[in-house]
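Undergrad: Sequence:
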Amino acid sequence: MTDAVGSIDMPDAEDEAPESKKKTRKGGKRAKKGPLGRLALFYRQIVAELRKVVWPTRNQLTTYTTVVIIFVVIMIGMVTAIDFGFQEAVKYVFG
Numbered sequence: 137m138t139d140a141v142g143s144i145d146m147p148d149a150e151d152e153a154p155e156s157k158k159k160t161r162k163g164g165k166r167a168k169k170g171p172l173g174r175l176a177l178f179y180r181q182i183v184a185e186l187r188k189v190v191w192p193t194r195n196q197l198t199t200y201t202t203v204v205i206i207f208v209v210i211m212i213g214m215v216t217a218i219d220f221g222f223q224e225a226v227k228y229v230f231g
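Numbering (this note's numbering) for the sequence shown: 137 to 231.
These aren't lab readings, by the way, just hints derived from the structure by calculation. Cβ coordinates follow ideal geometry from the N, Cα and C atoms, glycine included. Heads up, some of the hints might be wrong.
[To be verified] Have a look at the derived ranges for each label pair, beta carbon to beta carbon: (1) Pro-171 - Val-204: 39 to 45 Å; (2) Phe-220 - Ala-184: 48 to 54 Å; (3) Tyr-228 - Tyr-200: 26 to 32 Å.
Using the sequences and the accompanying hints, generate a full structural model.
TA: Following this line, the structure appears as structure tokens:
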């Protein structure tokens, strides 16, 4: 059975590349540096990424913290109410 490209059983000729044309990776920048150079590069990249972060203002941080604390308190209340309900149901069923 064939489709628009070619046979299902035989791969297309364009997909196969001879072994001599395949490029092998030799490690790039990592191969040229020792362990300390790689560690220094890692820390430089960390600092560069942290500079891209948009840090919240004090007002935003206070707002986010308040929202999280209120949400946690509400969830604690809900779980407590459900737990109390299950406790009473178990007492009713089992005596």
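Undergrad: Work down the list of hints and note, for each, if the structure agrees.
TA: Comparing the hints with the structure gives:
Restraint check, Pro-171 to Val-204: a C-beta distance of roughly 40 Å satisfies the suggested window 39 to 45 Å. As the Cβ distance of Phe-220 to Ala-184 is approximately 52 Å, the hint placing it in 48 to 54 Å holds. Between Tyr-228 and Tyr-200 the beta carbon distance is about 42 Å. The supplied range of 26 to 32 Å is therefore violated.
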